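4 protein chains.
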Amino acid sequence: MTETAPTYILTAHCRSVLGTVDVVTRFLYEHQCYITEIQSFDDSEEEHFFIRVEFRNDGANARSIGLLREAFSEDAARFDMHWDIHDASTRPKVVMMVSRDDHCLSDLLYRYRTGHLNIEIPAIISNHPDIKHLAEWHGIPFYYLPVDVTTKTMQEQQVLDLLQQYRADLVVLARYMQVLSPELCAKLNGRAINIHHSLLPGFKGAKPYHQAWEKGVKLVGATAHYVTEHLDEGPIICQQVEAVDHSYTPKRLIERGQDTERLTLARAVRLHCEHRIFLHRNKTVIFEGS
Amino acid sequence: MTETAPTYILTAHCRSVLGTVDVVTRFLYEHQCYITEIQSFDDSEEEHFFIRVEFRNDGANARSIGLLREAFSEDAARFDMHWDIHDASTRPKVVMMVSRDDHCLSDLLYRYRTGHLNIEIPAIISNHPDIKHLAEWHGIPFYYLPVDVTTKTMQEQQVLDLLQQYRADLVVLARYMQVLSPELCAKLNGRAINIHHSLLPGFKGAKPYHQAWEKGVKLVGATAHYVTEHLDEGPIICQQVEAVDHSYTPKRLIERGQDTERLTLARAVRLHCEHRIFLHRNKTVIFEGS
Amino acid sequence: MTETAPTYILTAHCRSVLGTVDVVTRFLYEHQCYITEIQSFDDSEEEHFFIRVEFRNDGANARSIGLLREAFSEDAARFDMHWDIHDASTRPKVVMMVSRDDHCLSDLLYRYRTGHLNIEIPAIISNHPDIKHLAEWHGIPFYYLPVDVTTKTMQEQQVLDLLQQYRADLVVLARYMQVLSPELCAKLNGRAINIHHSLLPGFKGAKPYHQAWEKGVKLVGATAHYVTEHLDEGPIICQQVEAVDHSYTPKRLIERGQDTERLTLARAVRLHCEHRIFLHRNKTVIFEGS
Amino acid sequence: MTETAPTYILTAHCRSVLGTVDVVTRFLYEHQCYITEIQSFDDSEEEHFFIRVEFRNDGANARSIGLLREAFSEDAARFDMHWDIHDASTRPKVVMMVSRDDHCLSDLLYRYRTGHLNIEIPAIISNHPDIKHLAEWHGIPFYYLPVDVTTKTMQEQQVLDLLQQYRADLVVLARYMQVLSPELCAKLNGRAINIHHSLLPGFKGAKPYHQAWEKGVKLVGATAHYVTEHLDEGPIICQQVEAVDHSYTPKRLIERGQDTERLTLARAVRLHCEHRIFLHRNKTVIFEGS
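Residue numbers (UniProt numbering), protein chains in the order written: chain W, 1 to 290; chain S, 1 to 290; chain B, 1 to 290; chain U, 1 to 290.
Keep in mind that the hints were calculated from the coordinates and are not lab data.
Quick caveat, the model's predicted, so the values are computed rather than measured.
You can take every hint at face value.
If several chains are the same, the list does not tell them apart, and a pair holds so long as it fits within one copy or across any two.
Calculated pairs, DSBU-like style, for lysine-lysine (alpha carbon to alpha carbon, straight line, at most 35 Å): (1) LYS215 x LYS93; (2) LYS207 x LYS93; (3) LYS251 x LYS132; (4) LYS152 x LYS187; (5) LYS132 x LYS152; (6) LYS152 x LYS207; (7) LYS207 x LYS132; (8) LYS204 x LYS251; (9) LYS283 x LYS207; (10) LYS251 x LYS152; (11) LYS204 x LYS132; (12) LYS187 x LYS93; (13) LYS204 x LYS283; (14) LYS93 x LYS132; (15) LYS93 x LYS204; (16) LYS215 x LYS204.
Using the sequences and the hints, build the whole thing.
Printed below as a string of structure tokens:
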């Protein structure tokens, strides 16, 4: 085996029928692709099948990803599969959207800068100018797109234009405090991740930490989820909690919760960019890795 | 210091004013009581003060708990304190109520049998006969009090009679699947702990694990709380979570969640019996210990 | 698909070469076995491959597990695979060994009694008589086999005879406080799980909680591992921790740690009995499930 | 009560004798100081007493911290107390030392910049030039002090000079990969915190993540501790873990572990700067807060 052989990732899902695994593994074998990791899940309730395979294309007859895609398309069609093949070395283009609080953005930028998060950040978009210098220090183009009720439609069009211009694979709402329009949500379906500063469905809506404090909860948490037009109801990716007690003021709850938000969002972005998440109806199937 | 000197626990709460700590510590000093642990909390929002002190009464002039109570009552009155002095060696009498699922009860019985939970269990009450042999094996009187709509008032009176007969300090609803009447809730105010098989306020009401499964959550949890007439809304004592994923069926979620329930309820009972919990309005102030 | 089709589990490992996944999945497809879960791992350092497949044998030509084994043996031989096919509905026979502390045993018995742990417990062996009544209440034969320096060889032979008589698939040392001889360890290789009441390799040897207390650690933990003749050095299966602080006496550390031990051991037994653990050299590869 | 009254923190420890709490609380009462939080611990093994009190000096006769110190010194002398009174609004001066890895430093700088960590960072010292631009962006003087065997004594003198020049209250070794000389350790006793990238005492010395990988552990962790001349043996402040499995390469273990290091070190610095840690012999007593 060649160390430098490219690693590809095949993801597929379809109805549960006999042969779904075989069609994938036989194809890879016949193209001399060595499987380094395979994971599948069969949702017996929905009778739906999910598979993710990492493989090296290092045989004598190594093919390009384009040729592999072409070769697999016929097999996949027989099973009516939703599928793709990704090059693991291609860094997804992730556009960040943020308002004023930069705790999540700072954390993502750190992981980006050090290569721990294997992504490109072609642009940062904000409805406030505050983050400009942080973006600049990282050498990332910054777009200040203020928004109010009257300009919302236009501003969202500017956002969409930027996403197209930069060919964004993913949009991360890293504490972007504006509700996206149903139209924009629909266009970004499955390609936009939000961090909700609470453990859903516990405290939806505004000021969740104040709600938590009022109720005297002993845990605070964060939820990373895909954006849908149903605010705070999108499919959940990751959730995490911190223990708290009576001595936490709302201010301290917020500070403590922000550590959870940073870790939860970073984890969700990583899982998405490693093609580990399947979005199916209102749930996610996630094949964890190291 | 004498190793065998009794350990007492003084708990008090009142309005926040100058001198609340001093009145307690000066009293203990003047009665030659050695403080082994002191914890206070000042709720600046409510302007309310809470204190818990463990002390040994081992001076030459050691007084009985009765005399200490008498001596402190005048001081406490000046500050309009709610207070008590407890003998740490007195094991609280805890009556268990349970339906069919015995995972929480089994755990509590184990801790009781081994002395890890320093309580007495004078009686176990159930609306089903299933637990009888488990109770008997532990040598604990078992009362089978079936209940339906027509007999509820009478059955609850029987429960109350038993609680009085056994001078119960605490009632633990260890998966007792009946809603208590507002009257019974009122009578047990601050003296009855329930385990809710979900992370409140996330999934109230019936079948929380099915709700969690429907929503695709990545954490399941349990909440121990004091019983109030507002079902699932009582003051929270402890909360704990377990990570889960898409592969959990509702049945497996339940099994996994039960471990959390067992630990959460056992912890709540321990905190209560060590006089570490203050119940104030709809919240708890808890001074944790080892 | 038939709901009642039996579920089988195929496990295999061998050198990393092209075709290792294909040989398994093609075999299953050709025998009309529907794969419900597949997981693989490729240890690139050791160039070793591991796979676990759950499948239903529910085609028109459903074969017995015996016929499947026979049919696969030729394929497996070509890859020099270590492999097996298990019937998921067969409950492994797990013999418990214990001394005086029954916190781990009690927990395992609870899970056994309620069916949460899908095992048989044909016998409990102890070098003390204390656990007899607990065993009897669960209707499990109890063997009191005391041991000292002079009788150790003989006692271990009695243990081995019992394991054979009951055709034990697994031995669980649920706080069995005797060191097994190298001979017995060798005979039980990969079939005996121990719980070490500390986070290995932190505090090996005697009184780990006292060692932890001396050192002022802020976490205590437990490690479940396979038994080898190298005491406390066996391949690690699970580890778990609890946060503690300065106020914990060694006695309280022990009590707190025991909760961790119970959960850690139960988890390890479950993973083993679901055929999720591969033991390879001095490490484990574990395919987690719900 | 005046919202703007200053908050002070009194810390004291001494031998366990009757009156240790009373002397503190009576003093505060007589100076009209309102206690907002009091915590004590009695180490019954060592017969040593620890107390921490937060209070507001908001009476009509509010005194300066200097006058309070003077007034308390006589009382404290009678009990042979080690004690101090701190102004909670004074931000401790924390000098950072770092080599090349900036994951811990980045995190601390983030918390410093946002005010979540209430400290001053008057200088950053490094034996490599890499961090210079990060320091400059935060407007913090950066000192590049390279070191080798021949220059170590001189370089450590430069470090000491800088610490004096900036009146450093604390030195944080945020992944500073040089062993300090016993002389420097002695001079910084109780004033220097190190982050050890492993769960002590598990994997001391070099390359702990590789050691952990070799052993196949299922948890990796980090330990924040005070620096002493006994490398990796200093009194433990905080420890934290992350679950890992067989699929983690040493490289991924390191990346995962770094999240733990960041959180653990930040927590330790916060606890120290809030005067919540007592260092006594080789252990810490820590009064946690929100």
